[in-house]
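Student: The primary structure of each chain is shown beneath.
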Amino acid sequence: EAGVAQSPRYKIIEKRQSVAFWCNPISGHATLYWYQQILGQGPKLLIQFQNNGVVDDSQLPKDRFSAERLKGVDSTLKIQPAKLEDSAVYLCASSLGGGGARPQHFGDGTRLSIL
Amino acid sequence: AQSVTQLDSQVPVFEEAPVELRCNYSSSVSVYLFWYVQYPNQGLQLLLKYLSGSTLVESINGFEAEFNKSQTSFHLRKPSVHISDTAEYFCAVSGSGSNYKLTFGKGTLLTVNP
Chain C
1 EAGVAQSPRY
11 KIIEKRQSVA
21 FWCNPISGHA
31 TLYWYQQILG
41 QGPKLLIQFQ
51 NNGVVDDSQL
61 PKDRFSAERL
71 KGVDSTLKIQ
81 PAKLEDSAVY
91 LCASSLGGGG
101 ARPQHFGDGT
111 RLSIL
Chain A
1 AQSVTQLDSQ
11 VPVFEEAPVE
21 LRCNYSSSVS
31 VYLFWYVQYP
41 NQGLQLLLKY
51 LSGSTLVESI
61 NGFEAEFNKS
71 QTSFHLRKPS
81 VHISDTAEYF
91 CAVSGSGSNY
101 KLTFGKGTLL
111 TVNP
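Going down the list, the sequences are from chains C and A.
In terms of the working numbering, the first sequence opens at residue 1 and continues consecutively.
In terms of the working numbering, the second sequence opens at residue 1 and continues consecutively.
I should point out that these hints are in silico values taken from the structure, not numbers from a laboratory.
Fair warning: there could be bad hints in the mix.
Calculated cross-link-like contacts (lysine-lysine; reagent style DSS-like; alpha-carbon spacing at most 30 Å) [to be verified]:
1) C/K44 / C/K62
2) C/K62 / A/K101
3) C/K44 / C/K78
4) C/K78 / C/K11
5) A/K106 / C/K62
6) A/K101 / C/K71
Could you build the full structure based on these sequences and the hints that come with them?
Tutor: Quick look at the structure:
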């Protein structure tokens, strides 16, 4: 089966600019996650979707980050305006369901550098 | 709240030597435990998982981990490592019900030297 697809792989922008990332989950996976992975740390959950509804966005900085999942399939994550501390790898993952026992499948991520 | 502690940030070993990557967790409910591996410039790949049943779980490439409830540990072991095992390894915990979120440790960089 095709894995989780993300684009772009790399992005360099200046602070205060905006940026968007795209994710296409594994076919049939109802649950989609966006994680932020800062260098030297484990991934931190930003937002979780079940189909096209938000399950958890408690750690999403809503003043600058937004995410949507159109028609319960693809998803986009946007940052506007970007800050230096947003430099990180943004990982998208998907799973069949949202329960804790469901393994998550990750894409290769987008590496964001803020100048 | 759940948490994961990976006791070693870096583990250098020689090829064909045994290795153990340590992971301890904290949780007030029943847990599900995972090890993920991340190769350079790639996403995380599931290495193995403990959901229930046998406390010893194995991966297809020779890694194994043992769930120890009394010590709240889930250490990862391999009896003989290869150069290709060089990667970052993440331990993660989730739970049932409202504790479904996957919480990761900070990772252990395993470097296998010739």
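Student: For each hint, tell me whether it holds in the structure or not.
Tutor: How the hints compare with the structure:
1. C/K44 / C/K62: holds, 15 Å
2. C/K62 / A/K101: Since the Cα atoms of C/K62 and A/K101 sit roughly 19 Å apart, the hinted pair holds (cutoff 30 Å).
3. C/K44 / C/K78: Satisfied, since the Cα-Cα distance of roughly 16 Å is no more than 30 Å.
4. C/K78 / C/K11: Holds: C/K78 and C/K11 sit about 13 Å apart, inside 30 Å.
5. A/K106 / C/K62: Status holds; Cα separation ~25 Å.
6. A/K101 / C/K71: holds, 24 Å
Comparing the model with each earlier hint shows no violations; every hint is respected.
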